[in-house]
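**Q** So you can see what is in the structure, the chains are spelled out below.
2 protein chains.
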Amino acid sequence: MLALMNPQPKTVTTLREMARATTIIESPRLAERLGVRLTIATETFQHTGSFKFRAAYNVASQVPQSKIITASSGNFGQAMAYACRLLGKSCIIVMPDTSARVKIDAVREYGGTVDLTNVNLKSRNARVAELAQEHRDAYIASAFDDPLVIQGNASLGEELADIKNSFDLIIAPIGGGGLTSGLITGLRKAGASIKVFGAEPLIANDAARSLRAGHIIANETEPQTIADGARTPSLGQHNWAILREGLAGIVEVPEERIAEAVRLLFSLANLKVEPTGALSLAAVLTEPELFRDFSVCCVVSGGNVDTEVYRELLGQ
Amino acid sequence: MLALMNPQPKTVTTLREMARATTIIESPRLAERLGVRLTIATETFQHTGSFKFRAAYNVASQVPQSKIITASSGNFGQAMAYACRLLGKSCIIVMPDTSARVKIDAVREYGGTVDLTNVNLKSRNARVAELAQEHRDAYIASAFDDPLVIQGNASLGEELADIKNSFDLIIAPIGGGGLTSGLITGLRKAGASIKVFGAEPLIANDAARSLRAGHIIANETEPQTIADGARTPSLGQHNWAILREGLAGIVEVPEERIAEAVRLLFSLANLKVEPTGALSLAAVLTEPELFRDFSVCCVVSGGNVDTEVYRELLGQ
Numbered sequence: 001m002l003a004l005m006n007p008q009p010k011t012v013t014t015l016r017e018m019a020r021a022t023t024i025i026e027s028p029r030l031a032e033r034l035g036v037r038l039t040i041a042t043e044t045f046q047h048t049g050s051f052k053f054r055a056a057y058n059v060a061s062q063v064p065q066s067k068i069i070t071a072s073s074g075n076f077g078q079a080m081a082y083a084c085r086l087l088g089k090s091c092i093i094v095m096p097d098t099s100a101r102v103k104i105d106a107v108r109e110y111g112g113t114v115d116l117t118n119v120n121l122k123s124r125n126a127r128v129a130e131l132a133q134e135h136r137d138a139y140i141a142s143a144f145d146d147p148l149v150i151q152g153n154a155s156l157g158e159e160l161a162d163i164k165n166s167f168d169l170i171i172a173p174i175g176g177g178g179l180t181s182g183l184i185t186g187l188r189k190a191g192a193s194i195k196v197f198g199a200e201p202l203i204a205n206d207a208a209r210s211l212r213a214g215h216i217i218a219n220e221t222e223p224q225t226i227a228d229g230a231r232t233p234s235l236g237q238h239n240w241a242i243l244r245e246g247l248a249g250i251v252e253v254p255e256e257r258i259a260e261a262v263r264l265l266f267s268l269a270n271l272k273v274e275p276t277g278a279l280s281l282a283a284v285l286t287e288p289e290l291f292r293d294f295s296v297c298c299v300v301s302g303g304n305v306d307t308e309v310y311r312e313l314l315g316q
Numbered sequence: 001m002l003a004l005m006n007p008q009p010k011t012v013t014t015l016r017e018m019a020r021a022t023t024i025i026e027s028p029r030l031a032e033r034l035g036v037r038l039t040i041a042t043e044t045f046q047h048t049g050s051f052k053f054r055a056a057y058n059v060a061s062q063v064p065q066s067k068i069i070t071a072s073s074g075n076f077g078q079a080m081a082y083a084c085r086l087l088g089k090s091c092i093i094v095m096p097d098t099s100a101r102v103k104i105d106a107v108r109e110y111g112g113t114v115d116l117t118n119v120n121l122k123s124r125n126a127r128v129a130e131l132a133q134e135h136r137d138a139y140i141a142s143a144f145d146d147p148l149v150i151q152g153n154a155s156l157g158e159e160l161a162d163i164k165n166s167f168d169l170i171i172a173p174i175g176g177g178g179l180t181s182g183l184i185t186g187l188r189k190a191g192a193s194i195k196v197f198g199a200e201p202l203i204a205n206d207a208a209r210s211l212r213a214g215h216i217i218a219n220e221t222e223p224q225t226i227a228d229g230a231r232t233p234s235l236g237q238h239n240w241a242i243l244r245e246g247l248a249g250i251v252e253v254p255e256e257r258i259a260e261a262v263r264l265l266f267s268l269a270n271l272k273v274e275p276t277g278a279l280s281l282a283a284v285l286t287e288p289e290l291f292r293d294f295s296v297c298c299v300v301s302g303g304n305v306d307t308e309v310y311r312e313l314l315g316q
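Residue numbers (the working numbering), protein chains in the order written: chain A, 1 to 316; chain B, 1 to 316.
Hints listed in this document are in silico derivations from the structure and should not be mistaken for laboratory results. Just so you know, these numbers come straight off a predicted model, no measurement behind them. Just so it is clear, CB atoms sit at the ideal spot from N, CA and C, and this is done for glycine as well. Warning: the hint list may mix true and false statements.
Unchecked claim - Partial selection, computed: residues in chain A whose CB lies under 7 Å from chain B: (1) 33; (2) 44; (3) 67.
Stated by the list, open to error - Selected chain A positions facing chain B (in silico; Cβ < 10 Å): (4) 42; (5) 87; (6) 305.
Whole structure, please, built from the sequences with the hints as guidance.
**A** See the structure below:
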């Protein structure tokens, strides 16, 4: 009976049916401003507003468990909640009890159970471990360090490889490395030799330091970059194995370039993006000579941003 | 020689190749909030950021003249400038000398010649007439009242008719009536019987009053609605002939509903829209019972909005 009640495990093909195709935007004015041939691939209109749905849906559809537990105060939690709703599964999302009301509401509206934790008394990982003891039938999902996450994000790489008159290079935000390793995996699977660059906040540059050192280096404390999707402590092990030899390079982006990219995308491309999503365009602003005259695809990873934060960025 | 230098007249088929397909967005959270099955068709990523490109390109490609003159302080001017650039034609856009710098810059960056006029001394139409005398070889283009405008906008109606699991009804902003009459024309051409509703600001409700009266009624003065694309003095004659019997109805939208729709599209659909573009969603907020449980397509007409105006709307 249980086997019947659970949806059939889905393949990546099914993910490509379920995920919304990425939205391709062109802005000649922005391209002229940057001095590159520019294509924007935005995941802001992906289900739940970020690329994370690709990974979440792939995880939730591939694992046999009908219950999933994960810690996320951001996009992965919303994505997992909605993926589980679509699949008839249940999930518990562990969030700090200081999370913004809009983020808690979003997870709940997508159908997830929110578990609020006082992170001063107990870390999120400790709370997840506790819940895992209580729910021994549940799958504990990582937001980035899981082959199923990479496989899910690879669907975006395959999509970008399919585009006619393709690109010289693709730039994408790098936090835990799930998106960039997925892009590399998908492009390779499709037989495309497009280079992939990571765009990382300068004040959260553990991935750039890892690439220079030849091994994973973690941030000592959580870096307070405005690009909150890149506040991850370090690259994931699974991702590192792909990135160490597959990534063409990492651009380290100052905070003010992130804000400038948010404003340029607003005014010249009509695009609402979250700060993390603006990192790829900010990388072109930071290293214009590196990219000049190339055909560049900037991946915008998501659009979910607090209204007041966004108003402040626009007003700067 | 001249005939060779001018591009060949284009057909609507070619417009459909040149125009970007409209961007379809779904937001289950927004749909649940509104109580309708909701699809958003947004023209914010159309070339130059609004549906006006469809009309402008159709006009510029169909008329034999290689020079076009029009009065526009808004989206039609940018659209015409870019359409002419693509077609190797030239254009003069008459704008009030009080126009925002960003709007003047946009027309110039798209390749148009800006003619700044002190509208206290000379109306824009008087200035256009003056320029028409100087440039007797130019085509004088209307932003909405021209069969070629309707034909251009019809391409959006055809696109929407092509969508699988189509809609019960489509709601679109109404100002001069070019968009709604184009939608009706395109849907009919495609053999679709989807109803079309107009969404008009309550304080600029000349179209609603015209429909009630059975003849065109003009606004006495320019209505100061925040939806500046709907500040047109009256419906166009060509549009009226289609709308008087083809429109299912008009919803008159209070200003505060427009602002609310801008915020909802921002927070629940990651969509940056200009106030005029938010009118269709605002119509559902204004008359929820009229649309409840129907499959509704809200057309977002454009996204070009002054940053400060937008920040204020978000902050309300």
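**Q** Quick check on the hint: residue 33(A) CB to chain B CB, less than 7 Å?
**A** For residue 33(A), the interface hint is violated, since the closest Cβ of chain B sits about 9 Å away, which is over 7 Å.
**Q** Given residue 67(A) as an interface hint, is its Cβ closer than 7 Å to any Cβ of chain B?
**A** Since the shortest Cβ distance to chain B is 22 Å, the answer is violated.
**Q** Does the CB of residue 44(A) sit less than 7 Å away from some CB of chain B?
**A** The hint holds - residue 44(A) has a Cβ within 7 Å of chain B, the shortest such distance being about 4 Å.
**Q** Under 10 Å is the threshold here; is the Cβ of residue 42(A) close enough to any Cβ of chain B for the hint to stand?
**A** Hint holds; residue 42(A) Cβ to chain B Cβ min 9 Å, cut 10 Å.
**Q** Does residue 305(A) pass the interface hint, meaning its C-beta sits closer than 10 Å to a C-beta of chain B?
**A** For residue 305(A), the interface hint holds, since the closest Cβ of chain B sits about 9 Å away, which is under 10 Å.
**Q** Quick one, is the residue 87(A) hint okay against chain B at 10 Å, beta carbons?
**A** violated (15 Å)
Hints 1, 3 and 5 from the list above are not met by this structure, while the remaining hints are.
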